[in-house]
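Could you build the full structure based on these sequences and the hints that come with them?
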Amino acid sequence: MGVLLDVLGSVIIGGTLLLMIMSFNLQMQETSSRIYYTSSMIEHMEEVAQNVNHVFSMAGIGFNKDDQICVTASQTAIKFKTFWNYETDVLDQEPHQIEIRLDTAPTGTGKVLDVIQDGIVYPLGHILFIEDMKLKYYNKSDAATTVLKDIMSAEVLLTFRRDSPWRPDRPLRSNLQLKCYMMNRYLQEGAWD
Amino acid sequence: MGRGLLIFVILMTTIFAGVLTTIQKNVGGVPDTLIKNQLNKELENVSDFVLRKTVREANSQALLDTLFQNNPSGGDMSFVEDYTGVGKTKPKIGNCEIQSLTYSYSLSGHHYKVKSVIKGSMQGIEAVREAEMAFSYPMVTLGKMAPNIVYLEFEQMLLFPWLRKFFGLKNDFPDSSPNHYAGSYYGFSFITPTGFDQTKVDEDVESWTGPYSKRYLKMNGYNSRIVVNRKDQDQATQEGIENFKDLDTNDSFTLVTFAKIDKAGRDAASGLLGFIGGTKDRRGKQGTLMWVPSNPMDANLKNQPSAAIWFETTDQKNYNAKGKLHFAVTQDTIISGKYNTLKVEIEYTRTVPVWKRVGNWLLGYTYGIDTAHFNYPWNSYGLTYEVVGNFAYLKAYVDGNLIGTKTGPPVRAYPNEHGMTLGARDVRKADGSAANDDEETRMHLFGIIDQSGMNDEAFTPQEMFLWHNQVLKSTLVKYIKD
Numbered sequence: 001m002g003v004l005l006d007v008l009g010s011v012i013i014g015g016t017l018l019l020m021i022m023s024f025n026l027q028m029q030e031t032s033s034r035i036y037y038t039s040s041m042i043e044h045m046e047e048v049a050q051n052v053n054h055v056f057s058m059a060g061i062g063f064n065k066d067d068q069i070c071v072t073a074s075q076t077a078i079k080f081k082t083f084w085n086y087e088t089d090v091l092d093q094e095p096h097q098i099e100i101r102l103d104t105a106p107t108g109t110g111k112v113l114d115v116i117q118d119g120i121v122y123p124l125g126h127i128l129f130i131e132d133m134k135l136k137y138y139n140k141s142d143a144a145t146t147v148l149k150d151i152m153s154a155e156v157l158l159t160f161r162r163d164s165p166w167r168p169d170r171p172l173r174s175n176l177q178l179k180c181y182m183m184n185r186y187l188q189e190g191a192w193d
Numbered sequence: 001m002g003r004g005l006l007i008f009v010i011l012m013t014t015i016f017a018g019v020l021t022t023i024q025k026n027v028g029g030v031p032d033t034l035i036k037n038q039l040n041k042e043l044e045n046v047s048d049f050v051l052r053k054t055v056r057e058a059n060s061q062a063l064l065d066t067l068f069q070n071n072p073s074g075g076d077m078s079f080v081e082d083y084t085g086v087g088k089t090k091p092k093i094g095n096c097e098i099q100s101l102t103y104s105y106s107l108s109g110h111h112y113k114v115k116s117v118i119k120g121s122m123q124g125i126e127a128v129r130e131a132e133m134a135f136s137y138p139m140v141t142l143g144k145m146a147p148n149i150v151y152l153e154f155e156q157m158l159l160f161p162w163l164r165k166f167f168g169l170k171n172d173f174p175d176s177s178p179n180h181y182a183g184s185y186y187g188f189s190f191i192t193p194t195g196f197d198q199t200k201v202d203e204d205v206e207s208w209t210g211p212y213s214k215r216y217l218k219m220n221g222y223n224s225r226i227v228v229n230r231k232d233q234d235q236a237t238q239e240g241i242e243n244f245k246d247l248d249t250n251d252s253f254t255l256v257t258f259a260k261i262d263k264a265g266r267d268a269a270s271g272l273l274g275f276i277g278g279t280k281d282r283r284g285k286q287g288t289l290m291w292v293p294s295n296p297m298d299a300n301l302k303n304q305p306s307a308a309i310w311f312e313t314t315d316q317k318n319y320n321a322k323g324k325l326h327f328a329v330t331q332d333t334i335i336s337g338k339y340n341t342l343k344v345e346i347e348y349t350r351t352v353p354v355w356k357r358v359g360n361w362l363l364g365y366t367y368g369i370d371t372a373h374f375n376y377p378w379n380s381y382g383l384t385y386e387v388v389g390n391f392a393y394l395k396a397y398v399d400g401n402l403i404g405t406k407t408g409p410p411v412r413a414y415p416n417e418h419g420m421t422l423g424a425r426d427v428r429k430a431d432g433s434a435a436n437d438d439e440e441t442r443m444h445l446f447g448i449i450d451q452s453g454m455n456d457e458a459f460t461p462q463e464m465f466l467w468h469n470q471v472l473k474s475t476l477v478k479y480i481k482d
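Residue numbers (the working numbering), protein chains in the order written: chain W, 1 to 193; chain U, 1 to 482.
Because the hints were derived from the structure by calculation, they are not lab data. On a predicted model such as this, the values are computed, not experimentally measured, just so you know. It is possible that part of the hints are untrue.
The following label-pair restraints were derived from C-beta to C-beta distances [as the list claims (entries may be wrong)]: (1) W:181 / U:188: 19 to 29 Å; (2) U:24 / W:175: 51 to 61 Å; (3) W:163 / U:41: 22 to 32 Å; (4) W:177 / U:9: 47 to 57 Å; (5) U:372 / W:142: 23 to 33 Å; (6) U:48 / W:16: 54 to 64 Å; (7) W:175 / U:41: 32 to 42 Å; (8) W:4 / U:9: 17 to 27 Å; (9) U:15 / W:163: 49 to 59 Å.
Derived list of chain W stretches under chain U, where covered just means 3 residues or more per stretch with a C-beta under 8 Å from a C-beta of chain U [claimed, not checked]: (10) 38 to 45; (11) 55 to 67; (12) 91 to 99.
Ideal placement from N, C-alpha and C gives every residue a C-beta, glycine not left out.
Below you can see the structure in the form of structure tokens.
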């Protein structure tokens with residue numbers, strides 16, 4: 001009887017310890033996944049911000065300050081004129097029309113952000129997990145505007161959706177809000193003339 | 001029981017090890033991300049600092065003087081401080097190294113762009129950042145639409161050419177292409193053979209050597225011309241020219257020039273006091289734009305250019321503004337006992353009053369530039385020649401538009417050994433020496449000329465159109481690429 005009690009006691013104690021260890025392990029795993037997820041998303045969003053900023057900053061190169069640069073500007077896409085060539089990242093002799101928009105067709109890793117230069121689509125496929133993009137435009141005085149000629153910057157709200165590493169059925173969403181200035185438009189407007 | 005426990009322990013240990021490995025893998029990536037972000041931030045700051053410093057130095061007198069010594073004639077120039085060579089010390093700021101700094105100028109110290117390449121490395125992670133900034137940099141120099149064999153832009157004044165000739169100095173206009181040909185001026189001009197377009201109040205378009213604005217070359221219709229002599233590979237090597245391009249017509253090339261052809265032609269002028277510098281009526285002897293001779297000493301070939309563009313006055317009675325434009329290429333093949341010439345001819349009416357007779361009966365009459373021509377746009381004339389497949393194609397362009405095509409057998413153009421002449425034909429005596437400057441068979445151009453050149457490939461119609469528009473609208477761009 002004494003032996004049975006000893007065995008039962010040791011099983012309970014051992015089981016409790018094992019459960020504690022297993023619980024600790026799972027918590028550790030979840031914590032590390034959270035850290036990994038967060039850090040990788042930070043890196044990812046940093047890269048997205050750089051890419052989007054770069055495209056916006058090159059709008060209007062080679063045009064006069066009085067020229068209308070924006071061809072179209074909606075909540076989901078913007079098209080502008082520039083002598084910069086997106087494909088080669090150098091200035092060209094001929095002007096280009098560059099559009100940045102979110103492809104509506106979802107893929108397994110989110111929607112693809114497209115840069116369209118003169119009708120040719122250059123998908124930024126390496127930017128993953130994008131679920132939505134909203135654009136809002138501002139003029140030189142930082143007041144919201146929809147007048148194409150006045151657009152000097154845009155507020156870009158990107159929503160990223162990624163499956164949770166610990167609860168795949170409950171996706172996580174991260175928002176990136178950045179103000180992209182048409183830097184080279186400001187340059188033409190500057191006091192260098 | 002003991003075995004069961006052992007298996008249980010091993011199983012648990014395996015699961016635990018698996019969990020630890022996953023944790024290690026996940027957490028291990030975090031420092032890399034943080035380091036990369038930190039490095040990018042540092043790189044961005046260093047890049048900004050270096051670019052600002054480069055911009056400041058680009059306009060410093062010391063740097064400009066150094067560049068100016070190497071290229072006194074102006075034109076486009078580029079200067080790269082490359083720190084990546086063997087034995088070179090790369091300037092270092094924090095974890096970043098400056099790889100190279102590039103200063104590019106076009107025409108003037110005010111038209112420049114700078115480019116920096118910075119490399120950062122931290123704990124095994126590397127990143128490179130390039131940044132570029134331009135100040136009043138002409139768009140036309142950014143792309144490829146400029147002739148690459150020779151390109152004469154006539155932005156210099158070339159003061160008192162007769163005096164320079166007297167002292168044995170060359171009257172050469174510099175070539176903007178990297179081949180460093182020169183356009184030698186022949187003829188008479190008292191002060192300067194170049195004029196200034198007063199309608200272009202564009203202070204940005206200054207030449208390197210002074211406050212001269214956009215200039216063009218005056219062609220007086222009776223003795224002025226520009227000669228571009230060929231040079232060989234040995235000479236180019238001695239001059240340190242890399243990727244030298246020979247001034248030759250082969251199976252693919254382009255000739256282009258801007259010009260305004262006087263609508264009336266040059267009538268007789270009595271000259272100063274009625275007898276100094278008087279000239280005959282040359283209205284019927286118009287008007288060569290570009291002439292690449294085949295063999296000017298050969299009686300049969302002297303009027304068959306290797307490649308040429310010229311205007312012909314067709315009404316020899318009334319000398320009205322109508323005439324013909326000719327675009328011709330002589331092929332290096334004999335058909336029916338004669339070298340085959342491809343030619344596009346179009347009816348062409350001159351519209352621009354470029355010159356006008358000035359003076360009076362007492363002091364005599366001479367010709368001076370008519371400022372009314374500022375009200376008329378520049379015209380461009382070009383031809384391309386290209387052998388593709390079973391045919392050779394000669395294409396003629398006016399104002400960037402294709403106006404005619406001729407095809408022929410797929411052979412190269414007649415080899416050019418005598419350079420190129422602008423504003424007149426290459427006419428020679430039997431011994432090969434040049435005929436007199438005012439030899440009327442030169443068929444001088446009476447007008448003005450600018451931006452003349454030759455390219456080693458045939459421009460496409462699109463490229464020709466772009467070239468035409470960009471020279472007319474030499475957009476000055478300021479930009480930051482960061």
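Each hint tested on the structure:
Distance hint check for residue 181 of chain W and residue 188 of chain U: the Cβ-Cβ separation is about 57 Å, which falls outside the suggested range of 19 to 29 Å. A hinted range of 51 to 61 Å for the beta carbons of residue 24 of chain U and residue 175 of chain W is inconsistent with their spacing of about 30 Å. In this structure, residue 163 of chain W and residue 41 of chain U meet the distance hint of 22 to 32 Å, their C-beta atoms being roughly 30 Å apart. A hinted range of 47 to 57 Å holds for the C-beta pair residue 177 of chain W and residue 9 of chain U, which are about 52 Å apart.
One distance hint, 23 to 33 Å for the beta-carbon pair residue 372 of chain U and residue 142 of chain W, is violated here, with the actual separation near 49 Å. In this structure the supplied range 54 to 64 Å holds for residue 48 of chain U paired with residue 16 of chain W, their Cβ-Cβ distance being about 59 Å. A hinted range of 32 to 42 Å for the beta carbons of residue 175 of chain W and residue 41 of chain U is inconsistent with their spacing of about 22 Å. Judged by the Cβ atoms, the range 17 to 27 Å given for residue 4 of chain W and residue 9 of chain U holds: they are separated by roughly 22 Å.
Checked against the hint of 49 to 59 Å, the C-beta distance between residue 15 of chain U and residue 163 of chain W comes to roughly 24 Å, which is inconsistent with it. Counting residues of the stretch 38 to 45 of chain W whose CB lies closer than 8 Å to any CB of chain U gives 4, which reaches the minimum of 3, so the coverage claim holds. For the stretch 55 to 67 of chain W, the stated coverage by chain U holds: 4 residues have a C-beta nearer than 8 Å to a C-beta of that chain, and at least 3 were required. Only when three residues or more bring their CB closer than 8 Å to a CB of chain U does the claim for the stretch 91 to 99 of chain W stand; here the count is 4, and the claim holds.
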